[in-house]
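Trainee: Residue-level listing of the chains:
2 protein chains.
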Amino acid sequence: MRTEMVWLNGHVVRRTGASVSVSDRGLLYGDGLFETIRVYRRHAFLLGQHLARLRGSARTIGIPFTGSVQHWRQVFDRLLAANRLEDAAVRLTITRGTAAGLTPPRRPRPTVLIEARRVDPNLPGARARGVAVCLLPFDRGPAFLGRHKTLAYLPAVLGRREARRQRVADGLYVTAHGLVTEATTANLFVCHRDRIRTPRDDVLPGIARRLVLDLARRMGLRVEERPVSRTLLAAASEVFLTGSVAEVLPVRRIDARRIGTGSPGPITRALQQEYTARVNRAVAGR
Amino acid sequence: MRTEMVWLNGHVVRRTGASVSVSDRGLLYGDGLFETIRVYRRHAFLLGQHLARLRGSARTIGIPFTGSVQHWRQVFDRLLAANRLEDAAVRLTITRGTAAGLTPPRRPRPTVLIEARRVDPNLPGARARGVAVCLLPFDRGPAFLGRHKTLAYLPAVLGRREARRQRVADGLYVTAHGLVTEATTANLFVCHRDRIRTPRDDVLPGIARRLVLDLARRMGLRVEERPVSRTLLAAASEVFLTGSVAEVLPVRRIDARRIGTGSPGPITRALQQEYTARVNRAVAGR
Numbered sequence: 000m001r002t003e004m005v006w007l008n009g010h011v012v013r014r015t016g017a018s019v020s021v022s023d024r025g026l027l028y029g030d031g032l033f034e035t036i037r038v039y040r041r042h043a044f045l046l047g048q049h050l051a052r053l054r055g056s057a058r059t060i061g062i063p064f065t066g067s068v069q070h071w072r073q074v075f076d077r078l079l080a081a082n083r084l085e086d087a088a089v090r091l092t093i094t095r096g097t098a099a100g101l102t103p104p105r106r107p108r109p110t111v112l113i114e115a116r117r118v119d120p121n122l123p124g125a126r127a128r129g130v131a132v133c134l135l136p137f138d139r140g141p142a143f144l145g146r147h148k149t150l151a152y153l154p155a156v157l158g159r160r161e162a163r164r165q166r167v168a169d170g171l172y173v174t175a176h177g178l179v180t181e182a183t184t185a186n187l188f189v190c191h192r193d194r195i196r197t198p199r200d201d202v203l204p205g206i207a208r209r210l211v212l213d214l215a216r217r218m219g220l221r222v223e224e225r226p227v228s229r230t231l232l233a234a235a236s237e238v239f240l241t242g243s244v245a246e247v248l249p250v251r252r253i254d255a256r257r258i259g260t261g262s263p264g265p266i267t268r269a270l271q272q273e274y275t276a277r278v279n280r281a282v283a284g285r
Numbered sequence: 000m001r002t003e004m005v006w007l008n009g010h011v012v013r014r015t016g017a018s019v020s021v022s023d024r025g026l027l028y029g030d031g032l033f034e035t036i037r038v039y040r041r042h043a044f045l046l047g048q049h050l051a052r053l054r055g056s057a058r059t060i061g062i063p064f065t066g067s068v069q070h071w072r073q074v075f076d077r078l079l080a081a082n083r084l085e086d087a088a089v090r091l092t093i094t095r096g097t098a099a100g101l102t103p104p105r106r107p108r109p110t111v112l113i114e115a116r117r118v119d120p121n122l123p124g125a126r127a128r129g130v131a132v133c134l135l136p137f138d139r140g141p142a143f144l145g146r147h148k149t150l151a152y153l154p155a156v157l158g159r160r161e162a163r164r165q166r167v168a169d170g171l172y173v174t175a176h177g178l179v180t181e182a183t184t185a186n187l188f189v190c191h192r193d194r195i196r197t198p199r200d201d202v203l204p205g206i207a208r209r210l211v212l213d214l215a216r217r218m219g220l221r222v223e224e225r226p227v228s229r230t231l232l233a234a235a236s237e238v239f240l241t242g243s244v245a246e247v248l249p250v251r252r253i254d255a256r257r258i259g260t261g262s263p264g265p266i267t268r269a270l271q272q273e274y275t276a277r278v279n280r281a282v283a284g285r
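Protein chains in written order, with numbering that gives the first Met the number 0: chain Z, 0 to 285; chain D, 0 to 285.
Treat the hints as calculated values from the structure; they're not laboratory data. Treat the hints with care, as some may be off.
Derived CB-CB ranges, DEER-like [stated by the list, open to error]:
(1) Z:Ala281 / D:Asp200: 41 to 51 angstroms
(2) D:Pro104 / Z:Pro123: 18 to 28 angstroms
(3) Z:Leu134 / D:Asp200: 44 to 54 angstroms
Derived coverage of chain Z by chain D (criterion: at least 3 residues anywhere in the stretch with Cβ under 8 angstroms from a Cβ of chain D; other residues may be distant) [unchecked claim]:
(4) 14 to 20
(5) 91 to 105
(6) 110 to 122
(7) 146 to 152
Just so it is clear, the structure is predicted and the values come from calculations on it, not from any experiment. Ideal Cβ placement from N, Cα and C applies to all residues, glycine included.
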């Protein structure tokens, strides 16, 4: 899925040979942030929202990050053109750059890396049929960093590893208090008839999550941003995940339990259609 | 404090120009581990214990790591000789290497990086006088990874940033339940007369911590491995931190509260002497 060219600190370069210093704080301390943005037909979808989230997190942890939406759109265009891609998932990574010692430098010079990858060709099929997931025996991480998409992504790596072991698509984090918060790279939604719930606390404020909440409200569904217990999850008529690349991904099984009929339910399918319509309008509206 | 030469995947190379691929999972996901080992007069102190901890964590998260204590001693010797150093803090970092996607590869080819740095020349003075620290408004991270020294070190970066803002040496993590667990890179000990307590749960199983527990028991002190509440901390007659580089570091102030007389107490000083004696025996015993 990887592509040949990446953007590194202002230049489009070959991935082979593209490197960061061994002193980079992203490598040594996970001292950085990232965003993954879905590009449809060369249109970076909701880029402004992704950049706003990144800017907010960067301000919180003290990494300078500048550049207008227009600027980054042009950078993405260049990178996609260099890779001869029209559709892609683009990951934008910023680190605090190089500096000795744990205490962060007062004037960091960030490392900025942008990678475009092809979107998994199995994704449309998964979206149509739904996926199986497992409950993970652990939580995502420190609550105070839970709202920031930091480079400290080892819990997600281990979650995916566990999911592969169980031969399912993804894992759902479960807190010590029995709350199910989110998947490794997607937010969680559960439906009970016409009521939709998604956790708000200790989860990443997903860009796709926000869009889906908005679409659901416009469709007249009752939307709640409240915690999801294992019990509530078990009683759901529909469950789906949202992510900028996954979009609206139905869950048909959690561990041994089938969700609803085992096929994507009506709310999930309606939201998928609305999501796609929203993408199409954004692409056409350029 | 940084030195010119580093060891990277089998070779001693200049730090300037030494780099890892932009596809390295350590950079992209914090997917790796590290150890910091103190070298005294070319003797890597308790290296066997550091490697055992690293090997255990590597097994848990699924990164292959091999090589005998003897092998790594020789590597350290080469690196220290290249940097013309006899005393150093050596950081050994392993990542899961390069591989596309969050799901870890089945057969990772790890990146191994070793850096030696000079030990902070202010440390002996700090050890003699004690340091001031602050309580942090956050916890270190996911409990299930708390016992592993992972690259997800952003909480520590932010802890040090807060400590600098408050003009103190370090910060102590405080959980949502009001337990004080450890400093950003050191374990916490509190004394109430001849009783010593250090947390055991959700803290890094420090190599220096283990040695100090052992020394304290030999000295006939009453040692408890139990949680430390803010209240208990406030009532302490002595507080100190332990780390492979910091060794036994007295705390003379926490936020606005002076600890004991504000000077290193008798237990702390006795343990410092025993620690140094243990180092000297190890160095002489080669």
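Trainee: Each hint should be assessed against the structure and marked as holding or not.
Mentor: Status of each hint after checking the structure:
| no. | hint | in the structure |
| --- | --- | --- |
| 1 | Z:Ala281 / D:Asp200: 41 to 51 angstroms | holds, 49 angstroms |
| 2 | D:Pro104 / Z:Pro123: 18 to 28 angstroms | holds, 25 angstroms |
| 3 | Z:Leu134 / D:Asp200: 44 to 54 angstroms | violated, 23 angstroms |
| 4 | 14 to 20 | holds (count 5) |
| 5 | 91 to 105 | holds (count 8) |
| 6 | 110 to 122 | holds (count 3) |
| 7 | 146 to 152 | holds (count 4) |
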